[in-house]
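2 protein chains.
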Amino acid sequence: MSEPFNNWRHMFKLDPNKYITEADLKAVCQSGTDAIMIGGTDDVTLDDVINLLARVRQYPIPCLLEVSNLSSITPGFDHYLIPTVLNSGHKQWMIDLHHQAVKTYGDWIDWDELFMEGYIMLNPASKAYQYTNATAVNTEDVVAYARLIEHLMPLPIMYLEYSGIYGDSALVKRVSHELEKTVLVYGGGIETAEQAKEMAAHAQIIVVGDVIYRDINRAIDTVEAVKQVEQ
Amino acid sequence: MSEPFNNWRHMFKLDPNKYITEADLKAVCQSGTDAIMIGGTDDVTLDDVINLLARVRQYPIPCLLEVSNLSSITPGFDHYLIPTVLNSGHKQWMIDLHHQAVKTYGDWIDWDELFMEGYIMLNPASKAYQYTNATAVNTEDVVAYARLIEHLMPLPIMYLEYSGIYGDSALVKRVSHELEKTVLVYGGGIETAEQAKEMAAHAQIIVVGDVIYRDINRAIDTVEAVKQVEQ
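Taken in sequence, the protein lines are chains A and B. Residue numbers for the first sequence follow my numbering, beginning at 31 and rising by one. Residue numbers for the second sequence follow my numbering, beginning at 31 and rising by one.
Nothing false has been slipped in among the hints.
Identical copies carry no separate label here, and so any pair may be met within one copy or between two of them.
Calculated cross-link-like contacts (lysine-lysine; reagent style DSS-like; alpha-carbon spacing at most 25 Å): (1) K43 - K227; (2) K203 - K133; (3) K211 - K133; (4) K203 - K43.
Source of the hints: derived by calculation from the structure; they are not laboratory data.
Isolated chain A, as found in the complex (with noise of 0.2 Å):
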């Protein structure tokens, strides 16, 4: 398929919810990275979005919405990301809501700019884990999965997703080997340039966030490690 984010290689992933001075900002925008995606779990507010979007638009960078909730969704970005998580316990994060969205909203819809993310919640520790119910897997379980989105509900990008810890390279690596016409990306706890090289190297795109707030001089490091990295 011949996507937007087909050549990608690293996002920073800003939350609307979390304060960045103009600064960091201007830094993270103009650090080489492939694009900027606003999303959070929590009180993702649609003030906090558009203002985030329109400083983001300052800078000459495709910027994505991956949307959490219904209310927060604005028109102005270049891209939607919708998660669809694969290993929720519940149907609701898997389809149920993005059904009602589609019953709503379903008119007005620029289905080009949409792109669902098979997510599998890896961290049980974190929230978005806890809010979406998810149940716990294993390699051979996230093996099947990126099986089952290669090849039978075929989607766009496969999301391994360890929110706030660095997850299992081994089980990057080997997910890797599955997927040809989907994307893998891979987020979670990225806070060196060596922890970007090392995931970098199996997956397609990685997600920087965290350490963006804490340490903006080593957020912005990970974007040349990235570049340096054959997939």
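Model the placement of chain B on the given structure of chain A, informed by the hints.
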């Protein structure tokens, strides 16, 4: 997508749990229908599936297995149809059983033979509806499911399943307007050439099942009827 069923208009569905005479089977297989689908809800056993497959294989016609449980899957079919019940109340009927199957058999699967069907259960009185804990849907709901699988979670087939009763042709017509890449299949209650024509005006493929066992001549008449209809 270039799928084997892209030009098909008519399928007969044989229930491995029901008896069919050799003469009736011959009539069905030589009727000019595009394919024979083997599938059922109740007590589908491996022995019955293999037995029926062997009998159909006397005739030069594509034979498909619609998978209803893991224990009755056997090699030897041309294609395998894998239902995912979009309006089920439980995630297991949408993806969990499939995930389990892929986890168990993933290394041996020929993915090119498999096609996922996005099922909508539309007859609350049917066993299939109750078995899959389906939830009631109206036309708007079904349209939203159609948009989901046409655009966001692309599936090769959308199956409107009225199992046992003749459906709402206005709903089928409305849904057909949403689908371009996804093939619309209609099943349920077709007993006459007139009904076959009515549904074939909107669905690309109509499935004729029960009437085979009640009135073989009327069943056979549906084949010719469908071929006269432009979709």
